Amino acid sequence: MRRCAALLAATITALGTAPAAAAPEVVVYSARNEQLIKPLFDAYTSKTGVGVRFITDKEGPLLARLQAEGANTPADVLVTVDAGNLWQAGEVGVLAAIDSPVLRANIPAQLRDPGDRWFGLSVRARPLVYSTDRVRAADLVSYEDLADPKWKGRLCLRTSKKVYNQSLVAMMLARLGEAETARVVGGWVTNLATEPFANDNQVMEAIDAGKCDVGIVNTYYFGRLAKERPGLKVAIAWPNQASSGVHVNVSGAGVTRHAKHPDEARQLLEWLSSAEAQGLFASLNLEYPANPAIAPDPAVAAWGSFKADPAHVADAGRLQAAAVMLMDRAGYR
Amino acid sequence: MSRPPAALGPGRVEVRPCSRQPRATGLLRLGALLLGAATAVPLLVLFSAWASPETEVWRHLATTVLPGILRNTGALLLGVGVGTLALGCGLAWLTARCDFPGRRWLDWALMLPLALPAYVLAFVMHGLFDATGPLQRLLSQVPGLTMISFEARGTGWVIAVLTLAFYPYVYLLARAAFLGIGRGTLEAARLLGLGPWGTFFRVVLPTARPAIVAGVALALMETLADFGAVSVFNYDTFTTAIYKAWFGLFNLPAAAQLASLLLLIVALALLGERRLRGGARFHETARGAPPPRIALAGWRGGLAATLAGLVVALGFVLPMVQLVGWVAASHGAGLDQRYWPLLAHTLALGASAAVVTVAAALLIGLARRQLRDRPSRIAAELSALGYALPGSVLAVGVMMSFAGIDNALDTLWRLAGGNSLGPVLGGSMAALLLAYLIRFLAVANGPVGSALERLRPSVVEAARTLGARGLDLARRIYLPLLRPGLLTATLLVLVEVMKEMPATLLLRPFGWDTLAVRIFEFTSEGEWQRAALPAVTLVLAGVGPVIWLARRSAATRGST
Chain A
3 MRRCAALLAA
13 TITALGTAPA
23 AAAPEVVVYS
33 ARNEQLIKPL
43 FDAYTSKTGV
53 GVRFITDKEG
63 PLLARLQAEG
73 ANTPADVLVT
83 VDAGNLWQAG
93 EVGVLAAIDS
103 PVLRANIPAQ
113 LRDPGDRWFG
123 LSVRARPLVY
133 STDRVRAADL
143 VSYEDLADPK
153 WKGRLCLRTS
163 KKVYNQSLVA
173 MMLARLGEAE
183 TARVVGGWVT
193 NLATEPFAND
203 NQVMEAIDAG
213 KCDVGIVNTY
223 YFGRLAKERP
233 GLKVAIAWPN
243 QASSGVHVNV
253 SGAGVTRHAK
263 HPDEARQLLE
273 WLSSAEAQGL
283 FASLNLEYPA
293 NPAIAPDPAV
303 AAWGSFKADP
313 AHVADAGRLQ
323 AAAVMLMDRA
333 GYR
Chain B
872 MSRPPAALGP
882 GRVEVRPCSR
892 QPRATGLLRL
902 GALLLGAATA
912 VPLLVLFSAW
922 ASPETEVWRH
932 LATTVLPGIL
942 RNTGALLLGV
952 GVGTLALGCG
962 LAWLTARCDF
972 PGRRWLDWAL
982 MLPLALPAYV
992 LAFVMHGLFD
1002 ATGPLQRLLS
1012 QVPGLTMISF
1022 EARGTGWVIA
1032 VLTLAFYPYV
1042 YLLARAAFLG
1052 IGRGTLEAAR
1062 LLGLGPWGTF
1072 FRVVLPTARP
1082 AIVAGVALAL
1092 METLADFGAV
1102 SVFNYDTFTT
1112 AIYKAWFGLF
1122 NLPAAAQLAS
1132 LLLLIVALAL
1142 LGERRLRGGA
1152 RFHETARGAP
1162 PPRIALAGWR
1172 GGLAATLAGL
1182 VVALGFVLPM
1192 VQLVGWVAAS
1202 HGAGLDQRYW
1212 PLLAHTLALG
1222 ASAAVVTVAA
1232 ALLIGLARRQ
1242 LRDRPSRIAA
1252 ELSALGYALP
1262 GSVLAVGVMM
1272 SFAGIDNALD
1282 TLWRLAGGNS
1292 LGPVLGGSMA
1302 ALLLAYLIRF
1312 LAVANGPVGS
1322 ALERLRPSVV
1332 EAARTLGARG
1342 LDLARRIYLP
1352 LLRPGLLTAT
1362 LLVLVEVMKE
1372 MPATLLLRPF
1382 GWDTLAVRIF
1392 EFTSEGEWQR
1402 AALPAVTLVL
1412 AGVGPVIWLA
1422 RRSAATRGST
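Heads up: the sequence lines are chains A and B, in that order. For the first sequence, the residue numbers in the working numbering are 3 to 335. For the second sequence, the residue numbers in the working numbering are 872 to 1431.
Isolated chain A (complex conformation) (with noise of 0.2 Å):
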């Protein structure tokens, strides 16, 4: 008990002793994990002198806490993974336009707000993966394929609840319309090997042992897998390359709308967005430089290049809550 007392003491005394704020500083609330951003952080501040202060979370909550936080947020940037979460930040108005050339010269206008409230800095890719030992890579044409009856039986995906699904069906709806999205989806359903999994790492691993012979991942997670078990027999294959090109989605950040040192949180994604930090920021997770003058990592370039889908981003917030719906009404679980 006497312990118990001891550490709550202490509690209590870490409480009382909030940092001071002399030196320059900017926070941030991401939804990027640590190990991920936090490299980047510490070699910004040992570069400028300017700390950064952060926590993570999942996006949803963090938004939250932006929202009811209103105009007393300690948050200067919110770093997010998803373009429909980006996008939505932007719509519930937590996000201030950045007036920033250097970042409209870096990024890519499909990768970033129109009203600049937002940028992507990251490019994740998500291709079909498909059995070396079943299927010929020449047989995989793009995302509506899968529909086809040939995939009966054959299809593994994972669940709708994630949302690069959701981005994912999302731009097909803002492509092909209501019904062709219905039908594909639809298609996927019937042609499912077996049930959702929970993540892209299950539908690879089902692949391999033979439950099933094609699916739909993103490159980095191939990327992990690969390198952790070398004889993995699934290999990587670039969809809709004679049509819409293959679905990226980005990892991204703004400056909130009650910042307290807006300045330092521009310079801050300024930097993000430099050659300097692309490739770092890039390579951590084996995705894409979001700045397209930055090489990709040597081990993500040897999957090969590919044709992104050139559509904005940004359709995938503004339709995933469709997307959702539809996904639910064609029983995609």
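Certain hints may be false.
Said to hold, decoys possible - Partial chain A-side listing against chain B, Cβ under 10 Å, derived: (1) GLN37; (2) ARG55; (3) GLY62; (4) GLN90; (5) ARG138; (6) SER144; (7) SER162; (8) ALA200; (9) TYR223; (10) ARG226; (11) ALA228; (12) ASP265; (13) TRP273; (14) ALA277; (15) ASP330.
Hints listed in this document are in silico derivations from the structure and should not be mistaken for laboratory results. As the structure is a computational prediction, the values presented were derived from the model and not from experiment. No residue lacks a Cβ here, since even glycine has one placed at the ideal position from N, Cα and C.
Dock chain B against the given chain A, drawing on the hints supplied.
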């Protein structure tokens, strides 16, 4: 132990002590009301979401996913309820009242799964047993067995994993209750012609009912609140619908409405059970010598040992072997100097929250015992609801409450001519501790409440007659007699808080990362192997308190 008719219950007539102590009663009432308000506000925030009707979302959910979700949730509740009841009570009876080979260490080892977060257990079990896992890969090498292939998913697997994760609540509480049954009661049953099974079902179980119900209620509320474990299996429950509305449809009000509905159902269930139980009260009357253990010899002893051993192996040993294997495979990567603060923060938060929460549970227990009025009893009952809420939803309720207070303070401050005040409560330790308090009060209420129930009012009366008052009474009567119960509650909350993830994530002050936070960082992008190190550390940090808990609750029999 006896079960006096309600009308003659000693509590009814004997105890009117507080009428002689108006000041203490007033303080108690004030404390209970303040606590009630503090726990109620974040929950009321959820109910306030009904102000904006979200008919479109509701119609969509009702016509698509809701029927399946309700079916799944019902199946889980039934399965986990029956599973934890059978496993918890059966094992508790074996270790508390029988003797068989290995009983001494199984007695406490059966508590160990409590140290393992359910989401970790779920992931490891799925990984081990699924079609792509090592077990089936191994089997497929054996000639003749190549055809065997199954998926470790679906209702049965989810029930099995949740039962393994949550049965220790029933085990702990039932075991203490079984140990508390005196020799006299059992001998009376024998004399009246009941065999061992008859005694168990007709005397032991009814006597231990409050403890068992409390344990099963904890297990069921954990099941309702769980998101981490079910999502490993991509199994849709009511929680899934809440998060679908929030994250998928960007509709937090609809999510809050769903969550408040969940709360309402749990509240009704709890109140209903209380009503069914009626006015029965349980005070320990005579302790006497402990009854002799039933010796299980031969194959029966072997069967008991095998069963209990299997539960420990599946619920603790196997997952730990897998986790340690992953840590070894990564050569302990991630074990840098930033690692130790994680452990320190985990322990500090757990300990602080445990002290605060148990103090609150004691206050509630005392208010219910002394005041005996309807409001304080209802407040006590409702204060436990937070346990059934998915963690993120509760965390958002707490966060919104504090942000609201902060914004009001800020406005006042500006009106008074000041600059921006910034967040005072939001992002503070107070907010986090309140969230833990609301979430885990139900866990502390059980042991504290039953310790209070077993404290005979006549003891307090006697002390009072002898001149003991106020603090003296607390120090010399209440604290020593309640100590085992308070300690049990403290350790339970400590272990629970260390495992807690969503509220810690959202409400922790800057820099207060814990082991659970680190697990989240890795698992949210599927890097389970890198999460193994913090997971193992978390389990090891929890094992000490759990073993201590098991051993001392056996030593001070019947007091927890």
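Structure-based check of each hint:
no. : hint   : in the structure
1   : GLN37  : holds (6 Å)
2   : ARG55  : holds (5 Å)
3   : GLY62  : holds (5 Å)
4   : GLN90  : holds (5 Å)
5   : ARG138 : violated (23 Å)
6   : SER144 : violated (25 Å)
7   : SER162 : holds (8 Å)
8   : ALA200 : holds (5 Å)
9   : TYR223 : holds (6 Å)
10  : ARG226 : holds (7 Å)
11  : ALA228 : violated (14 Å)
12  : ASP265 : violated (17 Å)
13  : TRP273 : violated (21 Å)
14  : ALA277 : violated (26 Å)
15  : ASP330 : holds (4 Å)
The structure fails hints 5, 6, 11, 12, 13, 14 (numbered hints given earlier, in ascending order).
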